[in-house]
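Here's the letter readout for the chains.
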Amino acid sequence: MNQARKFRISHFVIWSILAFFIIVYGVPLLWLLLAGTRTESSLISDTPLSFGSFATMKETFLNLIRYNSGQVMTWALNSVIYTVGSVTLTLLACIPAGYALAMAEFRGRKLILILTLVAMITPSQAIILPIFLEMTFLGLTNTYTGLILASSFFPFGVYLAYIYYTTSLPKSVIESARVDGCGQLQCFIHMGLPMAKPLLALVAFFSFVNNWNNYFLAFILISDDSKQNLPVGLTTLISASGALNAQEAASNLPVGQPEAIQAAILVVLPIILVFLVSQKHVRSGLNAGAEKG
Amino acid sequence: MAQVSLANIKKHYGSVELFDDLHLDIASGEFVVFVGPSGSGKSTLLRMIAGLEAVTDGVIEIDGKDVTYDEPSDRGIAMVFQNYALYPHMNVYGNIAFNLRLAKMPKDKVHERVMDAARILRLEELLERSPAQLSGGQRQRVAIGRAIVRKPKVFLFDEPLSNLDASLRTQMRLEIETLHRELGATMIYVTHDQTEAMTLADRIVALDYGEIQQLGEPDELYSTPNNAFVAGFIGSPKINFLQASVVEVTGHSVVVSVTGTPNERVVLRASGLHVGEKIQLGIRPEEFQLATGSSPAGVLIKGHVQTADRLGNITYAYIDAALDSLLTVQTFAHRKIKTGTEVILTVPPVRIDVFNSKGIRCSPAK
Chain E
7 MNQARKFRIS
17 HFVIWSILAF
27 FIIVYGVPLL
37 WLLLAGTRTE
47 SSLISDTPLS
57 FGSFATMKET
67 FLNLIRYNSG
77 QVMTWALNSV
87 IYTVGSVTLT
97 LLACIPAGYA
107 LAMAEFRGRK
117 LILILTLVAM
127 ITPSQAIILP
137 IFLEMTFLGL
147 TNTYTGLILA
157 SSFFPFGVYL
167 AYIYYTTSLP
177 KSVIESARVD
187 GCGQLQCFIH
197 MGLPMAKPLL
207 ALVAFFSFVN
217 NWNNYFLAFI
227 LISDDSKQNL
237 PVGLTTLISA
247 SGALNAQEAA
257 SNLPVGQPEA
267 IQAAILVVLP
277 IILVFLVSQK
287 HVRSGLNAGA
297 EKG
Chain P
753 MAQVSLANIK
763 KHYGSVELFD
773 DLHLDIASGE
783 FVVFVGPSGS
793 GKSTLLRMIA
803 GLEAVTDGVI
813 EIDGKDVTYD
823 EPSDRGIAMV
833 FQNYALYPHM
843 NVYGNIAFNL
853 RLAKMPKDKV
863 HERVMDAARI
873 LRLEELLERS
883 PAQLSGGQRQ
893 RVAIGRAIVR
903 KPKVFLFDEP
913 LSNLDASLRT
923 QMRLEIETLH
933 RELGATMIYV
943 THDQTEAMTL
953 ADRIVALDYG
963 EIQQLGEPDE
973 LYSTPNNAFV
983 AGFIGSPKIN
993 FLQASVVEVT
1003 GHSVVVSVTG
1013 TPNERVVLRA
1023 SGLHVGEKIQ
1033 LGIRPEEFQL
1043 ATGSSPAGVL
1053 IKGHVQTADR
1063 LGNITYAYID
1073 AALDSLLTVQ
1083 TFAHRKIKTG
1093 TEVILTVPPV
1103 RIDVFNSKGI
1113 RCSPAK
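Top to bottom, those sequences are chains E and P.
Convert by adding 6 to the 1-based position in the first sequence; the result is the number in the numbering used here.
Convert by adding 752 to the 1-based position in the second sequence; the result is the number in the numbering used here.
Chain E extracted, bound-state conformation (with noise of 0.2 angstroms):
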C-alpha cells in the first residue's frame, strides 16, 4: 500500500518535469510545423497554435524555392556537401584518435588527452581567428575544402571514443585478438570498429547537428553566396527579403514570414529525422556475451 503511493508519487514527479520539458521545447517547434502552413495575415490575427491549410504551405514553399532562382536550394544542398564531409572526416580522424588514446600506451598520450580536453572546452569564438587565419594563409577561405577541414576538427568526439572505448570495450578481447594474430590495426579494425557501432552513431549524430547548424564559422569562412550552408542563407534571405521587417526590404519579393518559418523547418527537419534514424543505433547492448554476462 505504502509502497503503491510511493510508486504513485514518484511517477506523478516524473510526468510531471517530463510535461514541462514538452511544453518548453515541444511547442515552440510544433508552432514552427504549424506556421508553416499559414499566411502572413493569419500568422498575426488567428490563434497561436491554429493550422492554415496545404494549399498555403505549397504556396509559401514555392514562393521560397523561386527565391533568387532557387538559391535555398542551393544552400541545402551545399549543407549537405559541408555536413557529410565533415562528418566523414571527423569520424576518421575520431575513432582511430581515441581508440588510440585508450588502447596503447605511448609517450605523451597524456599530455594529448589533457589538450583534447583543453580544446574540448575552448568556446569556438576564441580559436576563429587562428583559423581564419590558418585557411587564408593555406588559399582555403571561400571553399568547401576549407570549411569542411576547418568544421571537421571536434574534440569532443576524439573525447567520446576514448571514454567509449576504455569503459565499453573489455582488454580482453583485445588480448585474445593479439594472441589470434592481430596487430594493432588489425586490433582496431577486427574488434574496435565492429565493436563501436553505438559510438559511431553518437559521434556521427553530435557532429551532423554540429555541421548542420554550423552558422558561425560558415559565416567567417564564406563570403561566397552560392557556397553558403543553409544556417547562413537564412539570414540572407530574412534580411534581404524583409521577412520580419517589411519597411526594411531590400526588395519586394514574394519572401515574407511564413517563408522564413519554412526555411527554418528545412533546418530543424533533417536533424529530427537524424536523430529518429541514429537513436536506435546508440546502444551499448552490443558487447553482452563478451564477458561473463
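These are calculated hints, taken from the structure and not from any lab test.
By construction, the Cβ of each residue, glycine as well, lies at the ideal position given by its N, Cα and C atoms.
Take the hints with a grain of salt, since some may be wrong.
Claimed, not checked - Chain E is faced by these chain P residues, among others (derived, beta-carbon under 7 angstroms):
hint: 1; residue: Phe833
hint: 2; residue: Asn851
hint: 3; residue: Gly1003
What the hints assert, rightly or not - To give an idea of the interface, some chain P residues facing chain E are shown, with a C-beta separation under 10 angstroms as derived from the structure:
hint: 4; residue: Arg827
hint: 5; residue: Ile829
hint: 6; residue: Ala830
hint: 7; residue: Met842
hint: 8; residue: Tyr845
hint: 9; residue: Glu880
hint: 10; residue: Gly1024
hint: 11; residue: Gly1028
Given chain E, work out where chain P should sit, using these hints.
Below, chain P alone, put in the same frame as chain E:
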C-alpha cells in the same frame, strides 16, 4: 607439444619487484598449474609467457626458440581467459575461425578445423549463435574451441573456470582433463582454486609474492609442503596450525611444548631448530584421531565440538580447544560428534609437519 623454459625472469613495476630471477622448466606435454593467492604473480607469469606482458629481464623459450620479445601470435600459444573474451560481434563459428581466417587458411580447411573443434567440445548446435546467447559454460567451451583450432604448442589458461558455478566448474574441469589427455599438448593453467590445481596438475607451481614456494607433484605438495605457506594453501579444508616452542634439541629430534595444550613435552622428528624457537606444527584434518581412555604419546588436545559438517561419508568437526582458532577435524565417527561433545584428540608425532620460526619445513617427509 613443446617445452617451455623460463630463465632469470625479472619483472619490475616501477620500483616494485614482482619477480626476481625466476627459473622454471616445463616439459613437453606436461600439465602445470600455477597456484597462489591474489597478488602472487601467477597471472603475470602466465601473461609473460603469452607475450601480453613484457619481461624486465630474462629469457622465455618455447620449443627451444627464444620468444622473449616475440608478439603473442608468433609464440605458438593459445590462451583461454578468465572472462572468456569472446568476440561479441561474431557468432560462435566466427569466433573459432577468426584466427584461421587471419592466417588466410583456405575456407574448406577452416571449416574442417572448426567442425573438428566443435565436435570435441559439443558445440555443433551452437555455431550460429552469438556469444550473448550462450550460457557461461558454453562460452567457456567456445573460448577453449578458439584455442584448440590453432593447434598451439602450448595452451595457457588464466583462471578459466572461476566465473562458472560449482557443478559446471567440476564438469569443465573434467573436460579440460580429457582435452589434455587427447591432445597431449603442454598446458599451463593458473588458478587460485587448489582443488583444480590438485586434480589437473602433473606438477604444481605454488607461488607467493613472485617467488616459487614449491614445485612438485600435487601429492608431494600436500604431504610434504616446503613451508607453512604451501601447507596452508594446499588442502581443503585447510591444515591446522598449532603454535609451539622448542624445549630441547637432541640430534634429529626435538622436544616441544605446544602452546595452549597440556602437551609439555612432545617428541618430534625435526632438525635445524634451536631451544626456545617459536615453531608451528601443521596437522591435516585427517591426521587427528579421537582418543578414548588413556592418553597415548604425541600431541593431545582437549576441547569440545562447536559445529560439525556432516557430508554423509565423512564429517568435519570444528573443535574449540581454547586455541587461536578452531581446529578442523575429519572423522568417520558420525554419531559421536555432536555440538558440545567433549573430545580428546591425538595426533601421531610422525604425522606432524614442523615449520621453524621462518615458516620453513624442518621435519622429514612423512
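Here is how each hint holds up against the structure:
For P/Phe833, the suggested interface contact is upheld, since its CB lies about 5 angstroms from the closest CB of chain E, less than 7 angstroms. Checking P/Asn851 against chain E by beta carbon gives a least distance of about 4 angstroms; that is within 7 angstroms, so the hint holds. Taken as an interface hint, P/Gly1003 does not check out: its beta carbon lies about 56 angstroms from the nearest beta carbon of chain E, beyond 7 angstroms. Hint status for P/Arg827: holds, given a least beta-carbon distance of 9 angstroms to chain E, under 10 angstroms.
Of the supplied interface hints, the one on P/Ile829 holds, with its beta-carbon coming within about 7 angstroms of a beta-carbon of chain E, less than 10 angstroms. With its C-beta approaching chain E no nearer than about 7 angstroms, P/Ala830 sits inside the 10 angstroms limit, and its interface hint holds. The restraint placing P/Met842 at the interface with chain E holds, with a minimum CB-CB distance near 8 angstroms, inside the 10 angstroms limit. Violation of the interface hint for P/Tyr845 is found here, the shortest Cβ-Cβ separation to chain E being roughly 15 angstroms, above the 10 angstroms cut-off.
Of the supplied interface hints, the one on P/Glu880 is violated, with its beta-carbon coming no nearer than about 14 angstroms to a beta-carbon of chain E, more than 10 angstroms. Hint status for P/Gly1024 relative to chain E: violated, with the closest Cβ pair at about 45 angstroms, above 10 angstroms. Using the Cβ-Cβ criterion of 10 angstroms, the hint placing P/Gly1028 at the interface with chain E is not satisfied: the shortest such distance is roughly 52 angstroms.
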